[in-house]
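**Student:** These are the residues of each chain, in order.
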Amino acid sequence: EPEVTQTPSHQVTQMGQEVILRCVPISNHLYFYWYRQILGQKVEFLVSFYNNEISEKSEIFDDQFSVERPDGSNFTLKIRSTKLEDSAMYFCASSVKGGQPQHFGDGTRLSIL
Amino acid sequence: ILNVEQSPQSLHVQEGDSTNFTCSFPSSNFYALHWYRWETAKSPEALFVMTLNGDEKKKGRISATLNTKEGYSYLYIKGSQPEDSATYLCAFYTSGTYKYIFGTGTRLKVLA
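Chains A and B are the protein sequences, given in the same order.
FYI, in my numbering the residues of the first sequence are -6 to 106.
FYI, in my numbering the residues of the second sequence are 39 to 150.
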């Protein structure tokens, strides 16, 4: 069964550095999402992406964050000037259309030192 | 601010017990309610997509109901097994948006 893949599984970065988290959604899916889960807290919506543009973003998704679909298969989340509080699990998900079940990747654990 | 609440936060049951938990969501601008099962060290897996008031869905020993007028959904597990141990998440999707709001999850532990 097709699945969403995320790389790397774990990223350790110094505070202030930029990170790029990568995701390959399921090929016939059209809607893409990024979520984060800070340890011990709930899953938080960051951004949704459709038709090569951001459809919706949360208040968390400020100028520090950006998303891109550079080549028709990858879907990336860039975090600039990382802060300690950016440490979290970041999940990518995709769905055929809005409101349909999302398929999640296994997540990237981001640790900011 | 849209809020989705789940209760209880965690639950321990004995193997063979039946159990249920609740997801509460805003009753306005409803589009869909999803249930996901999330096992440790894995990614969330979709269980049910519920869209109509009065919907009842079933998958093996797990079933769910939906009341959009009062803004709640129940998830039931009949005859719990140790492999049912997981966190069960609900996610609310409103019309006119492109985002899911997740509940805090119910962590279920089934004791053998």
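Just so you know, these hints were derived from the structure itself, not from any lab.
None of these values were measured; they are calculated from a predicted model.
Treat the hints with caution; some may be incorrect.
[Stated by the list, open to error] Dumping the calculated DSS-like pairs for lysine-lysine here, alpha-carbon to alpha-carbon at most 30 Å:
1) K116/B / K97/B
2) K116/B / K50/A
3) K95/B / K76/A
4) K107/B / K96/B
5) K116/B / K95/B
6) K76/A / K116/B
7) K80/B / K107/B
8) K90/A / K96/B
9) K71/A / K116/B
10) K97/B / K35/A
11) K107/B / K90/A
12) K107/B / K35/A
**Student:** It remains to establish, for every hint, whether it holds in the given structure.
**Tutor:** So, going through the hints one by one against the coordinates:
no.: 1; hint: K116/B / K97/B; in the structure: holds (11 Å)
no.: 2; hint: K116/B / K50/A; in the structure: violated (38 Å)
no.: 3; hint: K95/B / K76/A; in the structure: violated (43 Å)
no.: 4; hint: K107/B / K96/B; in the structure: holds (21 Å)
no.: 5; hint: K116/B / K95/B; in the structure: holds (14 Å)
no.: 6; hint: K76/A / K116/B; in the structure: violated (45 Å)
no.: 7; hint: K80/B / K107/B; in the structure: violated (34 Å)
no.: 8; hint: K90/A / K96/B; in the structure: holds (23 Å)
no.: 9; hint: K71/A / K116/B; in the structure: violated (43 Å)
no.: 10; hint: K97/B / K35/A; in the structure: holds (25 Å)
no.: 11; hint: K107/B / K90/A; in the structure: holds (25 Å)
no.: 12; hint: K107/B / K35/A; in the structure: holds (25 Å)
Going through the hint list in order, the structure does not satisfy hints 2, 3, 6, 7 and 9.
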